[in-house]
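*Asks:* If you want the building blocks of each chain, they are given just below.
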Amino acid sequence: QLQLQEAGSGLVKPSQTLSLTCTVSGASINSGGGFSWHWIRQPPGKGLEWIGHVWPSGSTYYNPSLKSRVTISGDWSKNQFSLSLISVTAADTALYYCARSNLDYYFDSWGQGRLVTVSS
Amino acid sequence: DIQMTQSPSSVSASVGDRVTITCRASQPVSRWLAWYQQKPGKAPKLLIFGASTLQSGVPPRFSGSGSGTDFTLTISGLQPEDVATYYCQQANSFPALTFGGGTKVEIK
Chain A
1 QLQLQEAGSG LVKPSQTLSL TCTVSGASIN SGGGFSWHWI RQPPGKGLEW IGHVWPSGST
61 YYNPSLKSRV TISGDWSKNQ FSLSLISVTA ADTALYYCAR SNLDYYFDSW GQGRLVTVSS
Chain B
1 DIQMTQSPSS VSASVGDRVT ITCRASQPVS RWLAWYQQKP GKAPKLLIFG ASTLQSGVPP
61 RFSGSGSGTD FTLTISGLQP EDVATYYCQQ ANSFPALTFG GGTKVEIK
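These protein sequences, in sequence, are chains A and B.
Residues 1 to 120 (the working numbering) are what the first sequence spells out, left to right.
Residues 1 to 108 (the working numbering) are what the second sequence spells out, left to right.
Everything labelled a hint here was simulated from the structure, so no lab data went into it.
Take the hints with a grain of salt, since some may be wrong.
Said to hold, decoys possible - If you want the footprint, here are the derived chain B segments under chain A, 3+ residues with CB under 8 Å:
1) 24 to 38
2) 45 to 57
3) 90 to 97
Note that beta-carbon positions come from the ideal geometry of N, C-alpha and C, so glycine has one too.
Please put together the full structure from these sequences, using the hints given.
*Replies:* In structure tokens:
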């Protein structure tokens, strides 16, 4: 059974870098099959915002609104993928989810989420 | 970006009622639309994709319809376990995948 688990710092100071890792079990993230690996966030009490994703090939695509600050990468040897968001502000406080999509970009598996608070 | 607008923002209905949620896209997305259910404290769960295809394991009381800009999620016979917030998501415009603002469903 596929499982995704986020990990990383839950508190980040303004202007610093948010870093999260998603560990995948039950499937190899570079096995292909048309799956890609995503980060999505949800500010407290608000809706969902897609951040970006990485393909098994290493290709990445980002939400244009966050593109200048985001990097997503994969560590195939550890079956993990990671999110880095630089120059954070309070507006980046959110529950961060990692997720898998199929070729059609529907998210069929999600992690439980990691709350990241940006505060001094 | 394609904006997704859901209505209503919340709905309260009795057990057994039929509940309808609408999602409107700011430009056509063909049938590239999904619906998710998010229960309190949990991650979203994929219910429907391709506007009307039920994800494996989802009860048949859930159904989806629509194409282009207007879509509907229907719960035929609301159950207590359906209390959740429901989100639509368009998958037509990449790399700018976008979600609706959500509809909270409660039991009256």
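*Asks:* Of all the hints given earlier, name the ones this structure violates by number, lowest first.
*Replies:* none
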